[in-house]
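Sequence lines, in order, name chains A and B.
Note that the numbering used here gives residue 230 to position 230 of the first sequence, counting from 1, and the numbers run on in steps of one.
Every number in the numbering used here is 1000 more than the matching position in the second sequence, counting from 1.
Honestly, the hints are just simulated from the structure, not real lab data.
Using N, Cα and C, we set each Cβ at its ideal position, and we do this for glycine too.
Take these hints with a grain of salt, some might be off.
[What the hints assert, rightly or not] In silico DSS-like cross-links for lysine-lysine, where the CA-CA straight-line distance does not exceed 30 Å:
{"hint": "1", "chain 1": "A", "residue 1": "138", "chain 2": "A", "residue 2": "8"}
{"hint": "2", "chain 1": "A", "residue 1": "8", "chain 2": "A", "residue 2": "194"}
{"hint": "3", "chain 1": "A", "residue 1": "232", "chain 2": "A", "residue 2": "8"}
{"hint": "4", "chain 1": "A", "residue 1": "232", "chain 2": "A", "residue 2": "7"}
{"hint": "5", "chain 1": "B", "residue 1": "1198", "chain 2": "A", "residue 2": "138"}
{"hint": "6", "chain 1": "A", "residue 1": "110", "chain 2": "A", "residue 2": "20"}
{"hint": "7", "chain 1": "B", "residue 1": "1194", "chain 2": "A", "residue 2": "110"}
{"hint": "8", "chain 1": "B", "residue 1": "1194", "chain 2": "A", "residue 2": "138"}
{"hint": "9", "chain 1": "A", "residue 1": "194", "chain 2": "A", "residue 2": "110"}
{"hint": "10", "chain 1": "A", "residue 1": "7", "chain 2": "A", "residue 2": "17"}
{"hint": "11", "chain 1": "A", "residue 1": "20", "chain 2": "A", "residue 2": "8"}
{"hint": "12", "chain 1": "B", "residue 1": "1198", "chain 2": "A", "residue 2": "110"}
[Stated by the list, open to error] Derived CB-CB ranges, DEER-like:
{"hint": "13", "chain 1": "B", "residue 1": "1178", "chain 2": "A", "residue 2": "60", "range": "21 to 27 Å"}
{"hint": "14", "chain 1": "B", "residue 1": "1032", "chain 2": "A", "residue 2": "221", "range": "55 to 61 Å"}
{"hint": "15", "chain 1": "B", "residue 1": "1124", "chain 2": "A", "residue 2": "138", "range": "47 to 53 Å"}
{"hint": "16", "chain 1": "B", "residue 1": "1032", "chain 2": "A", "residue 2": "205", "range": "27 to 33 Å"}
{"hint": "17", "chain 1": "B", "residue 1": "1032", "chain 2": "A", "residue 2": "60", "range": "53 to 59 Å"}
{"hint": "18", "chain 1": "B", "residue 1": "1124", "chain 2": "A", "residue 2": "117", "range": "45 to 51 Å"}
{"hint": "19", "chain 1": "B", "residue 1": "1178", "chain 2": "A", "residue 2": "13", "range": "17 to 23 Å"}
{"hint": "20", "chain 1": "A", "residue 1": "139", "chain 2": "B", "residue 2": "1020", "range": "38 to 44 Å"}
{"hint": "21", "chain 1": "B", "residue 1": "1293", "chain 2": "A", "residue 2": "205", "range": "49 to 55 Å"}
{"hint": "22", "chain 1": "A", "residue 1": "60", "chain 2": "B", "residue 2": "1027", "range": "52 to 58 Å"}
[To be verified] Computed far set for chain B versus chain A, every beta-carbon distance over 12 Å:
{"hint": "23", "residue": "1044"}
{"hint": "24", "residue": "1050"}
{"hint": "25", "residue": "1073"}
{"hint": "26", "residue": "1115"}
{"hint": "27", "residue": "1128"}
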Amino acid sequence: MTSLEVKKLDAWFGRSKVLKSISAIAADRSVTAIIGPSGCGKSTLLRCMNRMHEEVRGARTEGEVLFGSRDIYAEDADPVAVRRQIGMVFQRPNPFPTMSVFDNAVAGLKLTGRLPRAELHERAETALHAAGLWDEVKDRLQEPGGRLSGGQQQRLCIARALAVEPQILLMDEPASALDPVSTLRIEELIAELKESYTVIIVTHNMQQAARVSDSTMFMLYGEVVEFAATQKVFTNPEDRRTEDYVTGRFG
Amino acid sequence: MSPVVAAGRRPLPVGLTRSRKTKDRVFTFFLLVCVALALIPLVVIAVFVIVRGTGAINTNFFTKLPPGPLDARHTGGISNAIVGSGMIVWLAVVISVPLGMATAVYLSEYGRGRIATIVRFTANTLLATPSIIAGLVIAATVVTWTHSFSAYAGSLALSILMWPVVTRATEEVLRLVPQDLREGALALGVPRWKVVLKIVIPTAGSGIVTGVMLAISRGLGETAAILLTALGNSFMNTAYGRPTSTITLDIYTWARQPQATLQELAWGGAITLMTTVLVLSITARIVSIRRQRRLA
Chain A
1 MTSLEVKKLD AWFGRSKVLK SISAIAADRS VTAIIGPSGC GKSTLLRCMN RMHEEVRGAR
61 TEGEVLFGSR DIYAEDADPV AVRRQIGMVF QRPNPFPTMS VFDNAVAGLK LTGRLPRAEL
121 HERAETALHA AGLWDEVKDR LQEPGGRLSG GQQQRLCIAR ALAVEPQILL MDEPASALDP
181 VSTLRIEELI AELKESYTVI IVTHNMQQAA RVSDSTMFML YGEVVEFAAT QKVFTNPEDR
241 RTEDYVTGRF G
Chain B
1001 MSPVVAAGRR PLPVGLTRSR KTKDRVFTFF LLVCVALALI PLVVIAVFVI VRGTGAINTN
1061 FFTKLPPGPL DARHTGGISN AIVGSGMIVW LAVVISVPLG MATAVYLSEY GRGRIATIVR
1121 FTANTLLATP SIIAGLVIAA TVVTWTHSFS AYAGSLALSI LMWPVVTRAT EEVLRLVPQD
1181 LREGALALGV PRWKVVLKIV IPTAGSGIVT GVMLAISRGL GETAAILLTA LGNSFMNTAY
1241 GRPTSTITLD IYTWARQPQA TLQELAWGGA ITLMTTVLVL SITARIVSIR RQRRLA
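Given the sequences, and given the hints that come with them, work out the whole structure.
What follows is the structure, given as structure tokens:
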């Protein structure tokens, strides 16, 4: 059971409150999209789901995020252990510049434990396959990660996140810095990842949300306006504001 | 075509164009003159040291000891000072580089609030402190307690001067490492200390090396602090507990002698110092450029 449930979550940057009592649940092996205009708190919400939010100076949270049945904000919960189970892909590709493609793919494994060389190879290949990158890089594994194209770098970052075998993958606008072809490739990938992972994706692109997700959350000013099956949100939303947003009347 | 667009496309009046070009030329010329003025002292120093120093360089210079007071030939070498400089600066690097890097990592990755402000203020103040004060402090403490001038007292005095150089230079480059990389590693479940050690520091690598080179240059060139702590020595000494000479101390000693052959030792020391610093800097540049090429 690898669902993720957010319960009455509040979040602050210093004194300004950016999330107001968010409650929602992402089902096991589904894709949940979070949409909303800039500054509505969707990235912050995502970053609260693996305790990355607190890495920003002055940032804090209140409330619960249940991973399975455990609260990742419980007093005895270790943020490092949480992040190993709940991985994250960022908006801009961020491969480690001092590492090769291979080392980037298994960076999480190398930095958090010791595995025999052969197993590292196996895990790198599996992760690169899963990220749909293996065929393109199998002959350039020793090249620096920064030498790949933008789209390849982003898939390398996805491979890097998958290599540590998390149960949930959080994606923060993973295609917004990429060209249309690379974007399509990432979207296909998300559909494949759904078979084995719970994916939560923040996106600016409503067509993308409609294409890849099973359920969609619409946020405005730090609150959830509507959270339902994607089909319903985009064709028959309950809330007037959701309708205005998904039909492009503001945003 | 609308009149507005047409007006915008009208060529500039000839007079205006010409006056702009003239201003541009005058200003460019002014800047070139400034650059030339700034270069004059540098070139004069380099030429003097090369011309006077090259003559002093021979095998004896590197292998022999300086002449004693009764030596009528007034010639010899500064082998003891070269060894002394190496010993003292090496120990100072061993002390100040880890300390400076640790301080920089603290300031850039962990430091918050008042303590960080105090540490940064201390580093800045030390950076601007006259070196003789560092020498005085070590002289009043270590030299007094051990009842002896010594190479390690010299190294300690140099460490006080080199630590802030390493700290400030390293902190600057650590701050240049994109936050994205730290977050990328943290999100993989890598503990913070390992993120710093395996991602942040390697990414800032070449910048850190430059900072260390700056510190070594500062240490090699230091005289006042060494004078009060290591004192100097006319004989070969390889024990850290005894008074030791350095190249800068020898320059100071021999430049004040009346005999031209002894003054030559000072010029030889000067060119040795300059060449060492130059070779170190160039090596560091080559290493970091090679590394960058490999990555880009």
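Hint by hint, here is what the structure shows:
The straight-line distance between the Cα atoms of residue 138 of chain A and residue 8 of chain A is roughly 46 Å, outside the 30 Å bound, and the hint therefore fails. Between residue 8 of chain A and residue 194 of chain A the CA atoms are separated by roughly 26 Å; this keeps the pair inside 30 Å, and the hint holds. In summary, the hint linking residue 232 of chain A to residue 8 of chain A is supported, as the alpha carbons are separated by about 24 Å, within the 30 Å threshold. With a C-alpha separation of about 23 Å, the suggested pair residue 232 of chain A and residue 7 of chain A falls inside the 30 Å cut-off, and the hint holds.
As the CA atoms of residue 1198 of chain B and residue 138 of chain A are separated by approximately 25 Å, the hinted pair is consistent with the 30 Å bound. Annotation: proposed proximity of residue 110 of chain A to residue 20 of chain A is violated, straight-line Cα distance about 38 Å (limit 30 Å). A distance of roughly 11 Å separates the Cα atoms of residue 1194 of chain B and residue 110 of chain A; the hinted pair therefore holds under the 30 Å criterion. The suggested pairing of residue 1194 of chain B with residue 138 of chain A holds, with an alpha-carbon distance near 28 Å, which does not exceed 30 Å.
For the proposed pair residue 194 of chain A and residue 110 of chain A, the alpha carbon gap of about 26 Å is at most 30 Å, so the pair holds. Between the alpha carbons of residue 7 of chain A and residue 17 of chain A the distance comes to roughly 16 Å, so the proposed pair stays at or under 30 Å and holds. Our distance criterion of 30 Å between C-alpha atoms is met by residue 20 of chain A and residue 8 of chain A, whose separation comes to about 8 Å. At roughly 10 Å between alpha-carbon atoms, residue 1198 of chain B and residue 110 of chain A fall within 30 Å of each other, so this suggested pair holds.
Under the hint 21 to 27 Å, the C-beta atoms of residue 1178 of chain B and residue 60 of chain A, about 24 Å apart, fit the expected range. In this structure, residue 1032 of chain B and residue 221 of chain A meet the distance hint of 55 to 61 Å, their C-beta atoms being roughly 58 Å apart. For residue 1124 of chain B paired with residue 138 of chain A, a C-beta distance near 51 Å keeps the hint of 47 to 53 Å intact. The hinted window of 27 to 33 Å between residue 1032 of chain B and residue 205 of chain A is violated, with their beta carbons roughly 53 Å apart.
The hinted window of 53 to 59 Å between residue 1032 of chain B and residue 60 of chain A holds, with their beta carbons roughly 56 Å apart. Distance hint check for residue 1124 of chain B and residue 117 of chain A: the Cβ-Cβ separation is about 47 Å, which falls inside the suggested range of 45 to 51 Å. Between residue 1178 of chain B and residue 13 of chain A the CB atoms are about 20 Å apart, so this pair conforms to the stated range of 17 to 23 Å. A hinted range of 38 to 44 Å is violated for the C-beta pair residue 139 of chain A and residue 1020 of chain B, which are about 55 Å apart.
A C-beta distance of roughly 37 Å is found between residue 1293 of chain B and residue 205 of chain A, which places it outside the suggested range of 49 to 55 Å. A beta carbon spacing of about 53 Å between residue 60 of chain A and residue 1027 of chain B agrees with the range 52 to 58 Å that was offered as a hint. Under the 12 Å C-beta cut-off, the non-interface status given to residue 1044 of chain B relative to chain A holds; the minimum distance is some 42 Å. Chain A leaves residue 1050 of chain B outside its interface by the beta-carbon criterion, the shortest separation being 39 Å against a cut-off of 12 Å.
No Cβ of chain A approaches the Cβ of residue 1073 of chain B within 12 Å, the least distance being about 56 Å, so the stated non-interface status holds. Consistency note on residue 1115 of chain B: stated as away from chain A, and its beta-carbon is indeed over 12 Å from all of that chain's, at 15 Å minimum. Taking the minimum C-beta to C-beta distance to chain A, about 29 Å, the non-interface status of residue 1128 of chain B holds against the 12 Å cut.
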